[in-house]
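Undergrad: Okay, here's what each chain looks like letter by letter:
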Amino acid sequence: MPGVILKALSKRYGEVGAVDNLSLEIKPGELLALLGPSGCGKTTTLRLVAGFLAPDAGEIWVGDRCLSSRASVVPPERRRMAMIFQSYALWPHMTVAQNVAYGLRFKPALSRSDRDARVREMLRVVQLGGYEHRYPGELSGGQQQRVAVARALVVEPEILLLDEPLSNLDANLREEMRFEIRRLHEAFGNTTLYVTHDQGEAMVISDRIAVLKAGRVAQAGTADDLYHRPRTRFVAEFIGRTNVVEGVAESRETLAHGAIRLRVAPAELVPGARVAVSIRPHQVSLDTAAAGGINALRGTVRRAAFLGDTVDYEIAIAGSDLLLRAAAAPIPRFEVGAAVGVRIDPAACVPLAGDN
Amino acid sequence: MDRSIAVWAGAALALIVLMALPLGWLGWLSVSGEHGATLAHYRAAFADRALQKALWNTVVLAFWTGLVSVAIGAPLAWLTARTDVPGRGLIRGLVLASFVTPPFLGAFAWVMLAGPNAGILNTFWRSMTGAREPLLNIFTMPGLIFVVSIYTFPYVYIMVANTLALIASDLEEAAAILGAGRLAVARTVTIPMVLPALVSGFILAVLQALALFGSPAILALPAGFHTVTTQIWSLFQFPPKVEQAAAFSIPLLLATALLLQIQKRLLGRRGYAAVGGKGGQRRTIPLGPWRWPALVACLVVMSWAIFLPYGVLAKGAFVRAWAQPLTRDNLTLGNFAFTFFEYGATRAAIVNTLELAVLTACIGAAMVALLSYVANRRLVIGHQLVAFLALAPVVVPGVVLAVGLFIAYTRPPFVLYGTLWILFLAYLTKEMPVGYAQADATFRAIPGDLEDAGRVLGAGRLRILKEITAPLAKSGIIAAWCFIFIGVIRELSASILLFTPNTRVMSVVIFDLKEEGQFGAISVLGLVMLALTFATVALVQAALGRDVLGARR
Numbered sequence: 228m229p230g231v232i233l234k235a236l237s238k239r240y241g242e243v244g245a246v247d248n249l250s251l252e253i254k255p256g257e258l259l260a261l262l263g264p265s266g267c268g269k270t271t272t273l274r275l276v277a278g279f280l281a282p283d284a285g286e287i288w289v290g291d292r293c294l295s296s297r298a299s300v301v302p303p304e305r306r307r308m309a310m311i312f313q314s315y316a317l318w319p320h321m322t323v324a325q326n327v328a329y330g331l332r333f334k335p336a337l338s339r340s341d342r343d344a345r346v347r348e349m350l351r352v353v354q355l356g357g358y359e360h361r362y363p364g365e366l367s368g369g370q371q372q373r374v375a376v377a378r379a380l381v382v383e384p385e386i387l388l389l390d391e392p393l394s395n396l397d398a399n400l401r402e403e404m405r406f407e408i409r410r411l412h413e414a415f416g417n418t419t420l421y422v423t424h425d426q427g428e429a430m431v432i433s434d435r436i437a438v439l440k441a442g443r444v445a446q447a448g449t450a451d452d453l454y455h456r457p458r459t460r461f462v463a464e465f466i467g468r469t470n471v472v473e474g475v476a477e478s479r480e481t482l483a484h485g486a487i488r489l490r491v492a493p494a495e496l497v498p499g500a501r502v503a504v505s506i507r508p509h510q511v512s513l514d515t516a517a518a519g520g521i522n523a524l525r526g527t528v529r530r531a532a533f534l535g536d537t538v539d540y541e542i543a544i545a546g547s548d549l550l551l552r553a554a555a556a557p558i559p560r561f562e563v564g565a566a567v568g569v570r571i572d573p574a575a576c577v578p579l580a581g582d583n
Numbered sequence: 012m013d014r015s016i017a018v019w020a021g022a023a024l025a026l027i028v029l030m031a032l033p034l035g036w037l038g039w040l041s042v043s044g045e046h047g048a049t050l051a052h053y054r055a056a057f058a059d060r061a062l063q064k065a066l067w068n069t070v071v072l073a074f075w076t077g078l079v080s081v082a083i084g085a086p087l088a089w090l091t092a093r094t095d096v097p098g099r100g101l102i103r104g105l106v107l108a109s110f111v112t113p114p115f116l117g118a119f120a121w122v123m124l125a126g127p128n129a130g131i132l133n134t135f136w137r138s139m140t141g142a143r144e145p146l147l148n149i150f151t152m153p154g155l156i157f158v159v160s161i162y163t164f165p166y167v168y169i170m171v172a173n174t175l176a177l178i179a180s181d182l183e184e185a186a187a188i189l190g191a192g193r194l195a196v197a198r199t200v201t202i203p204m205v206l207p208a209l210v211s212g213f214i215l216a217v218l219q220a221l222a223l224f225g226s227p228a229i230l231a232l233p234a235g236f237h238t239v240t241t242q243i244w245s246l247f248q249f250p251p252k253v254e255q256a257a258a259f260s261i262p263l264l265l266a267t268a269l270l271l272q273i274q275k276r277l278l279g280r281r282g283y284a285a286v287g288g289k290g291g292q293r294r295t296i297p298l299g300p301w302r303w304p305a306l307v308a309c310l311v312v313m314s315w316a317i318f319l320p321y322g323v324l325a326k327g328a329f330v331r332a333w334a335q336p337l338t339r340d341n342l343t344l345g346n347f348a349f350t351f352f353e354y355g356a357t358r359a360a361i362v363n364t365l366e367l368a369v370l371t372a373c374i375g376a377a378m379v380a381l382l383s384y385v386a387n388r389r390l391v392i393g394h395q396l397v398a399f400l401a402l403a404p405v406v407v408p409g410v411v412l413a414v415g416l417f418i419a420y421t422r423p424p425f426v427l428y429g430t431l432w433i434l435f436l437a438y439l440t441k442e443m444p445v446g447y448a449q450a451d452a453t454f455r456a457i458p459g460d461l462e463d464a465g466r467v468l469g470a471g472r473l474r475i476l477k478e479i480t481a482p483l484a485k486s487g488i489i490a491a492w493c494f495i496f497i498g499v500i501r502e503l504s505a506s507i508l509l510f511t512p513n514t515r516v517m518s519v520v521i522f523d524l525k526e527e528g529q530f531g532a533i534s535v536l537g538l539v540m541l542a543l544t545f546a547t548v549a550l551v552q553a554a555l556g557r558d559v560l561g562a563r564r
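From first to last, the protein sequence lines stand for chains A and B.
Convert by adding 227 to the 1-based position in the first sequence; the result is the number in the numbering used here.
Convert by adding 11 to the 1-based position in the second sequence; the result is the number in the numbering used here.
Derived from the structure by calculation, the hints contain no laboratory data.
None of the values given here were measured: they were computed from a predicted structure.
Misleading hints may appear alongside valid ones.
[To be verified] Here are some chain A residues pointing at chain B (derived, C-beta under 7 Å): (1) Ala277; (2) Phe279; (3) Pro303; (4) Met308; (5) His320; (6) Tyr329; (7) Gly330.
A virtual CB, placed ideally from N, CA and C, is assigned to each residue, including glycine.
Here chain A stands alone, though its shape is the one from the complex (with noise of 0.2 Å):
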């Protein structure tokens, strides 16, 4: 099972760079999802992966075939992929049986009896066992999405691509599917580049995640470092909700923001330079009364909504403009206008880098 390597890919539309010097590593059996707003370059970046474009610059290795570049690009039939669609463009003339077996026609060493017993298995694997017969107009979404599974995963193929396959499909189905998927993966191990635009979606199936922005991975690593240690604002707000406090480092360890000073730790910031810190909802903690100590800061409730399992609050931080989101527990309930104490560990104040 082979890799996926993207070496300083760069596709243009016209003027406008869709995917921009993107370089990046699928590692063999990984699950890995491009993540990102529209326009950002994801699907532009699947395609050239499956060969359906050429890119301008740079090159894709898959093992040690080198499978697009410049100079030559092999055709989509010859790269020994599959691909599910976000419209998982299933052949309406052909029957479920015809349609998962539609690729299985260009392996020549398989018997035709061979053949049946693959789709067969596979439609069990699918749950879809003894629809073989229907047409895909006879088959709800969700039946249709685990067509277009079975389809591309009976070939067996080195690398499966994914195109916002569940955007489709309604909510329910969509967070039973992430699990199939997910389920599948493991069952199968093919090396899985996904794309979606949801980062739910991206966090449960996928093993690690490329946030892109622009063209360009944002940053890529696990859904772990991406929500605990985002390396720019972009990545800190795209994944997850976060508040992101601005101001001027005094010290390679303090923030200043007006009259508040904030505690960050590592103590890597530069003395004298800009700086933004995200520190996400659920580290700013909220007590009845002042505390003292590191980061201790006064404030007042401005919004509160119950979500059930938390609380969400809008906190206006005493003696300056900022507003802080805190996500706290049911209990102790603060009342809109009521004064709080609010803490922030040092360790949850992220240093952000500039977006370029």
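Fit chain B to the given chain A structure using the hints.
TA: Then chain B, alone, in the frame of chain A:
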């Protein structure tokens, strides 16, 4: 991939030759004199009082046809698309019948119905009232406008009905909830949204009237006046004044191009009419006590276009004397025997027509399928040009195209005049836009994903074309074939200039039979033509699973 580029280049080259040769010669001949370029032909053409009169007649005919078409087509579209008038399917079917009826057949039928002397309606009127004067005289400008309009209003109908079908009722309800009454809703929401379609339907109707040859030739010439198309035709009669005809063709070409450009602009901004999405339902408006009067009104209009003309053609085919009452003595099958066995020209003409129709439809369908596939999938640089060229013949009226083809193919390198090939080229060029539009819609409806999905799994482009694209596109391409076929069997305006004694087609023979007063044979041939047309229409509807007028799946 390389092979497909060669095929594309071939098709595009053929397209360019097809278009450039006749139009190039047309333009050149209109300004060429013995001593280089000259405007003498234009001066001769436009200084001629008779030609000025023809030009003015065409303007009058086209403008009034546009207005009458709107007056008939728009209410009919609203009634069938938005109200609970009974028999909506029937009305729609009759509009479709009017759409595919060759206009010159309608004109013949109306000669038999409302000719001042023997016309059936007039004899009936005289016998009822004892009057000596005829009730109707179809050989007049209003008569001509009437006959042209009843076969042209479907253009307005299609545009308006399809647009109304796209406007979701909630857009109107949103206005109603804010306080607008029914009239205010119509005035502020519905009509403004339909207006671009209405105006563009008007323009299409005007274009039809501009380009029409058959009806003016049948109705205006006996009445003693010309239109531009009949004038161009008469410039071709002996001794032919080809240069003047060319000069006279150019304004018609420019007017058509200009009007189409305006129409395209109007529709280009139409985008908002399509907004509405899935949630948008269209509720029907109850007419209450007006339901049945509305139906009667629709049927009266359709009796002008369908029932009366078809009836008189059927009668004409089966009787000895069409103006006489239907009695046992009068009934005969002799017209069929005469048409198919005795009159020498007809059998050859039917064979010629069918040969040409099948050949043009096959080659045309293959070409438009190829060209629109290339354009849709953007297989090559310059794919926009392919679409432009394939749709370009829309601006060329049949008579003008024929003048160009006559000039181009009576001289080297391609001397085709006198063969069926020149007719084939005329039909192929003329029907290209209709076929292309159909093929284009077909490939647009097949998402590229369906092809990509196959390629990822290991199928090459040609294999995908065969196993996935072709089966999905099949019915759409069959429809394109049928549209071209229908267009060819009814074609008159180009054929009338390009035929020679050995290469006559059905429409031309019908036209000749008129000179001999053989109305029985005309009726028989007319019925044959209608039968062929409706059989083909049925084939399209079966292939597409919807009616030819579009929308409403």
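Undergrad: Sort out which numbered hints this structure fails and list those numbers smallest first.
TA: none
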